[in-house]
Every structure is written in C-alpha cells, then in structure tokens.
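Counting in our numbering, the sequence shown runs from 1 upward without gaps.
Hints in this document: simulated from the structure, not taken from any laboratory.
There may be inaccurate statements among the hints.
Label pairs and their computed distance ranges (CB to CB) [to be verified]: (1) Glu-228 x Pro-255: 28 to 34 Å; (2) Asp-248 x Glu-148: 33 to 39 Å; (3) Glu-198 x Gly-266: 20 to 26 Å; (4) Glu-182 x Glu-256: 21 to 27 Å; (5) Ala-150 x Asn-179: 28 to 34 Å; (6) Asp-163 x Pro-235: 49 to 55 Å; (7) Gln-159 x Glu-228: 42 to 48 Å.
Beta carbons are placed, not taken as given, at the ideal position from N, Cα and C, and that holds for glycine.
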Amino acid sequence: MSGSQPNPYGTFPQDSQSPNFAPQDSAKPKKKKRGFLKWGAGIVAVVVLFSAFTNNDDDDDAATTTADSADTNKSVDLVAEAEAEAEPDAAAGADANADTAAETPNSDAAGVDDNVSKEFQNALRSAERYLDFSSFSYQGLYDQLTSEYADAYPADAAQYAVDTVTVDWNEEALESAENYLEFSHFSYQGLYDQLTSEYGEQFTPEQAQYAVDTVDADWNAEAVEAAESYQELMPMSGTELLNQLTSDYGEKFTPEQAQHAVTAVGL
C-alpha cells in the first residue's frame, strides 16, 4: 500500500508536453473581436443614416419654412404695393367726386335767385317739378301756376317762373305729341290743331309744327285706327266713313289716308 500504486487511468509520457490550447484560445478572442467590430460598424452606419435622414428632414423643413416665409413676405409686399397704388387712385376719386359735388348744384336750387322773394323761388321750383312730371307749353305752364284750382301763384311769380325755368319748348311740344299718339289716334292736321288749341296745349304754331314734323308716326296706320274706332261705335257705309275721316269737323286725314283706312276695314 505504501508502494506506488499504478495509475488506473494510465500514465502520460514524461517527455510529452501538455496539449497546447493557446492557438484555440487566441483564435476565439479574434473571432469575438471581429464580431464586435462588425456590429459596431453596423450601429455606426445606422446612426449615420439616421442622422442623415434627420438632417435631410430638418433641411427640408427649414427650406419649406424659408420658402413659406418668403412667399408670405412676397404676398405682404404685393398687398402693400397694391394698397399704396390704390391710395392715390382713391384720393383722386374722392377729389373728383368732391369737385363734381361742388360744381353740381342741388336740382331744386338750380336757377333759384336768392335776390328774389321766397314766393318767386317757390314758383320756379313748382314749374321745374311740373316739367319733370309732364309736358307743358309756356302758356300752359303759366296757366297751371296761376290757376285757382292748382298752385294759385300771383301772376308776377308765375311769370318769373316761366321766364326763368330752363326748358326747350320745342321738345315739350314733341313730347306732348308723342303722348297724344299713345293715348288716341290723330291725323297730322288734327294733332297740330290739338297742340295749338287754347283748349288744348297752347303751343305756338312754330312749336306745334316742329312736333308734328318730328314725331314718329304712321299716318295711314292712324287713319286705320280711327276707322276701326268709328266702326265699333256705330255702323257706317264706306262713303260716310270716308267723309268722317276727311272732314274738317272730324279727323282731318288726307283723302289718300282716309281711303286706305276704309279699304283696310273692308268697306
């Protein structure tokens, strides 16, 4: 027992060296080092890419913000320029309106002389309003102003009004002729007589002549309208109707106009 016991596992050769694990051990650290570097490089690449994307987004946002700011500033500048250009125009328009207002007197005050009496001024204003409402001759307007059933102005006030009022009596006669033709049928001579009659419009012969020569009328058509009115009122022969249309106490159409009318109504 005290002697040497044989090694049950056998013996190692004395001159043989222990197994050399150094190469294996040194290889493993190298492998781990390469893996670490690989992952490290990957992480760095990701960080770089992320930074690049972030920087690009920031640059895009900055560029967009800058562009928006530039557009806003440009719009503000354009608005400011437009307002600056509009202000002189508005001022010029205001000045023009002011000048026009200063040059254009009140219509009621037009032609009124402050040196005449208030009643004279009122008579003139009444004359102006009558002429705005209807057509009048010089004499017809005077009669209207002095009538006890109308304005009843004194004769001198009415005279001042018809002498002072701004009016074209020829145009008044023409307007009156047009109104008569819209209301009823007339021959050339019958309309002239109506315009000059003291029971009618009391225009002067010259004014009435201007009216009947200027008015837009178809005298043949007026004759037909008169014939139709007579036919509706009472039965007539062709000869009797012809006489009525040409009579000096009737319609005063010319024979040619009257014959055209009689034929037109079938007589």
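Against the structure, the hints:
In this structure the supplied range 28 to 34 Å is violated for Glu-228 paired with Pro-255, their Cβ-Cβ distance being about 19 Å. The given range of 33 to 39 Å is respected by Asp-248 and Glu-148, whose C-beta atoms sit roughly 35 Å from each other. Look at Glu-198 against Gly-266: about 39 Å separates their beta carbons, and that is not inside 20 to 26 Å. At roughly 24 Å, the beta-carbon separation of Glu-182 and Glu-256 lies within the given 21 to 27 Å, and the hint holds.
Taking 28 to 34 Å as the suggested C-beta distance range, the pair Ala-150 and Asn-179 does not conform, at roughly 19 Å. Restraint check, Asp-163 to Pro-235: a C-beta distance of roughly 53 Å satisfies the suggested window 49 to 55 Å. Hint check: Gln-159 to Glu-228, Cβ distance near 45 Å, so the stated range 42 to 48 Å holds.
Checked against the numbered hints above, the structure violates hints 1, 3 and 5; every other hint is satisfied.
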